[in-house]
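Student: Listed here are the chains, written in short residue letters.
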Amino acid sequence: MIHLMIFLPVLGSLLLMATPRRWREEVAGFIAALTLGLGLLIWRAGGTELFSIPWIDALGVTYSVQLDGVSLALALVTAFMSFIACLYTARRIPNPGTMLALILGMETGLLGIFAARDLILFYVFFEDALIPALLMLAIYGKDRRMKALVKFAAYTLFGSLLMLVSFIGIKYLGGSPTFALADLRANPVQGAMQTWLYIGFLLAMAVKLPLWPLHAWLPDFHEQNHESGIPDVMGTLYKVGGYGIFQFGITLFPDASLELRPILMGLAAFTALYAAWIAFHQTDWKRLLAYAGLSHMGFVALGVFSLNETAVIGAMYLLAFQNLYTGALFLSVGMLQERIGSLDTRVGGVMTQAGALGGLTMALWFASIAVPGMAGFIGEFSILLGAYQISPWLTFIAGITTIAAAAYALTAFQTTFWQARPLGGVRVADLQHVEWLVLGLPLAVAIFFGIYSAPALNLMQPAVKAVLSALGGQ
Amino acid sequence: MLPTPEVALAPILPILIVLAGALASTILGFHLPRRNLTIINLVLVVLSGISMGTLWNSGARSFNGGLQADNAALLLGLIILVGTFMTLLVSLDTAWRARVSFPELDAMLMYAVTGCLLIAFSGDLIVMLIGLEIMSLAGYVLATLQDSRRSEESGLKYFLLGSVGSAILIYGMALVYGATGSFNYAEIALRVGTVSNLAPANVGILVGGALLLLAGFAFKVALAPFHQWTPDVYSGAPTSISLFLSTVVKVAAFAGMLRVFGGALADAPGWSSTLQVLTAATLIIGNMAALLQTNFKRLLAYSAVAHTGFLAMALLGTPQMGGAALGYYLLIYTLTTAAALAIVAALQRSEAGMEISDLRGLYYRHPAYAVALAVCLASLAGLPPFAGFFGKYLAFQAAFQNGYMWLSVLAALTSVAALVYYLRPAMLMFMPDRTPAREYAHGQRPPTTFTVGLGVAGVILLGILPNLWYGWVANPAIWQQLAGQ
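Listed in order, the protein sequences are those of chains A and S.
When you line the first sequence up against my numbering, it's residues 1 to 474, in that order.
When you line the second sequence up against my numbering, it's residues 1001 to 1485, in that order.
Simulated from the structure, these hints should not be mistaken for lab results.
The beta carbon of each residue, even a glycine, is placed where N, CA and C say it ideally should be.
Keep in mind that a hint or two might mislead.
[As the list claims (entries may be wrong)] Quick list of the computed label-pair ranges, beta carbon to beta carbon:
#1 A/L4 x S/A1457: 21 to 27 Å
#2 S/A1201 x A/M193: 38 to 44 Å
#3 S/P1446 x A/L41: 43 to 49 Å
#4 A/G175 x S/G1193: 26 to 32 Å
#5 A/A356 x S/I1460: 42 to 48 Å
#6 S/A1281 x A/H281: 44 to 50 Å
#7 A/I199 x S/A1010: 52 to 58 Å
#8 S/S1350 x A/L4: 47 to 53 Å
[Stated by the list, open to error] With a cut-off of at most 25 Å between alpha-carbon atoms, the simulated DMTMM-like pairs for lysine to aspartate or glutamate come out as follows:
#9 A/K147 x S/D1358
#10 A/K151 x S/E1355
#11 A/K147 x S/D1433
#12 A/K142 x A/E25
#13 A/K465 x A/E49
#14 A/K142 x S/D1358
#15 A/K147 x S/E1355
Just chain A, with the same shape it has in the complex (with noise of 0.2 Å):
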């Protein structure tokens, strides 16, 4: 089931291109929503074993995949995610076959990177997810795209590039017949030698966290991209470094982190501040997400790198909530720019004639900036509260963050939907039919995991503690 979990969406990519034209958008809701409903059937079942196959003998390559924990949490999201990206986009976007593919395609790479327990099999994910991100961008991306193009794979490439190096380096160095992950944490990498592979492994990672200051593809990527915010609902579930780290960094490399941990806690903390203060002065939609995301993206890097168990959880509890309600405003946005043809946060008077816009977008944002009773508030008040145990000040800096996510956040609603209308300003349309459901679906879920957070927390917890297993008496 797991096998078919991640290959159905790239299946459905191919078989769209031979699907006739007109039933493209229906034969891609299907394929996404029986992703996800397999998805949930693999979490009724509690998770899937490890499954693992030889895959290039020669080499030591295997096939290992396992979805449970975390992973399983973040492969639903990413399942709920794409679904709701299919709808949007066969609303959106005239003939959107290509879009639909693409959408399908980096759904198995992005799903493959979660369950993948080989260091290759991960790479190999990891990259494919990069390919469709790509084609999304040079396809419908906006004017400068090239620019952004070439910043973002760049960046991404050279981070990756290192961290295979390092892939190798701890198969040949600690002497492990294969690349799979039960095997590499039977023969650890020892002494300074672990904390330069663990640098090599943390360059990719924080390339794709983003973490400063190595974010710079980031803010380009996302304006750049069309303004319907389908590619950036994929772009958001493309970070995944917090979940690399989590995952192969903790495990592998237990003392390079430890040793690691201030200076990595550090970068985070002012990534989250630096982040939200650019936040501030954007006055293009897509831009302040970004730099929003950012900010989010430095809390879950404080949460995994202080490696105390209840920011761990938090971190993810985050990372896996950030995608569903950042992935929303991202398209809330994008519904913003289709009635009034402009990204910019200092429209105005909005509000009067979509309400339904304006208060779903609302309460979106009050989801991003942690009020209480809304996912996000648990995974960053976990994250605080565990990571002062470690480094109060750091966390004192970090948690400054929340503060300026407010006035961000507050700010440019308020200039969009609220203050006046300006003169000679088109008729806004309301919402409207499958709209609601792209908007309301993922705030739904956001506000049940933020009330009834057992579910996702039981589901987490053990997984977490058995990584955090590896760092011994910590």
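Since chain A is already given, all that's left is putting chain S on it; use the hints.
Tutor: Using the frame of chain A, we list chain S on its own:
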């Protein structure tokens, strides 16, 4: 009394079949149209491949080990034949447009392939040199065959620099002979392996010989700083010829290097640290120069230089790992480069190739070619799941495990530059464009399309299931005896 030479026909049969093709093209050229000759040659190439298949695992040798059809030779020979096959197919479509459609083209191609196979099958330095010279001479003619200034210039450049390369190579061989007293790989390996047999003065000569050999080969495979001729020749020659030169000829030159440095001189001191420097320089210069190109054909030429750097990394590994990596990488490189250049050959308006900006919107005019070209570029850049990724991975691994860690890191860093220059054309193709098309309107012809399909299918299949080819290549026993018994 001299021993009677041992002449066995079976191991030379694959070479003779190709040579027969060359002779047939020379003679029948007076009677048959070129198209028929090409088809005959295609059949002969396949036959030669089959005869190689029958020799698998036989370890056959001829001329007292001067020529050996061991598995390493067969694997490299097969890669050479794959490249030849693709070149011939493409030339069916484009030779006429490139104004090189006469029987001599086929004859020269097949002579060059004969030389290439001789290198791969060589068991001593003399056979290797003969093969190299046949290959090079035919190559000089091929590069000049078209009646244009650019092509003449590139051919002359190729000839002059190639001759210098050969001269250095021959001098190096003389010194190696002086130091070890033999031309035979196995003999040399034996003497080099037990340095105690060599007087200290001989070691100096051996090192000098090895370094000169390295410089000579560096000319042939285009390692920096001996790469200067490559971009001009590859971009000046007609595209189907560039295809041949950048794949088949390069594979053969690497086969020679593998024989000499992985086998005969494997234990000789000095050359590996020099090769390390050359490799680093190639990686940096090749990738950085490619970044600045605006002409797509020239970009592919520089990309060929950059890939030489990755291939040379494999040579730095132990013969077992490096040989396997090289065996895998060379096939992938051939398939990818041949497919990419086939598309250029089909779509270019003139033999100068196309500008990168001309590729804008190609996806909306020739969707299949655009997707195929994107796959090729992604594979050249080393993005999984395409086969180029595993090629790069294997090269990294071979160098890393033999202690060249910083070289692997450098290779990873320069790959980022590679990604940028491969990505730009790949992405431009998918950007919508309303200006009129800038391609040759009648580019899509069945043989070219078939070649491209072959390359792309290979790249995808071997990317998802690398074991199909790597399973053959990875057997360390193949590469342990590069120098023969």
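Student: Each hint: holds or not?
Tutor: Evaluation of the provided hints:
1. A/L4 x S/A1457: 21 to 27 Å: Holds, since A/L4 and S/A1457 (Cβ atoms, about 25 Å apart) stay within the stated range.
2. S/A1201 x A/M193: 38 to 44 Å: holds, 42 Å
3. S/P1446 x A/L41: 43 to 49 Å: holds, 47 Å
4. A/G175 x S/G1193: 26 to 32 Å: holds, 28 Å
5. A/A356 x S/I1460: 42 to 48 Å: holds, 47 Å
6. S/A1281 x A/H281: 44 to 50 Å: holds, 45 Å
7. A/I199 x S/A1010: 52 to 58 Å: Holds: the Cβ-Cβ distance is about 55 Å, inside 52 to 58 Å.
8. S/S1350 x A/L4: 47 to 53 Å: holds, 51 Å
9. A/K147 x S/D1358: Roughly 18 Å between the alpha carbons, so the hint for A/K147 and S/D1358 holds.
10. A/K151 x S/E1355: Given that 25 Å is the threshold and the Cα spacing comes to 22 Å, the pair holds.
11. A/K147 x S/D1433: holds, 18 Å
12. A/K142 x A/E25: Judged against 25 Å, a Cα distance of about 24 Å means the pair holds.
13. A/K465 x A/E49: Roughly 18 Å separates the two Cα atoms, so the pair holds.
14. A/K142 x S/D1358: Holds, at about 19 Å.
15. A/K147 x S/E1355: holds, 19 Å
Of the hints listed earlier, there is not a single one the structure fails to meet.
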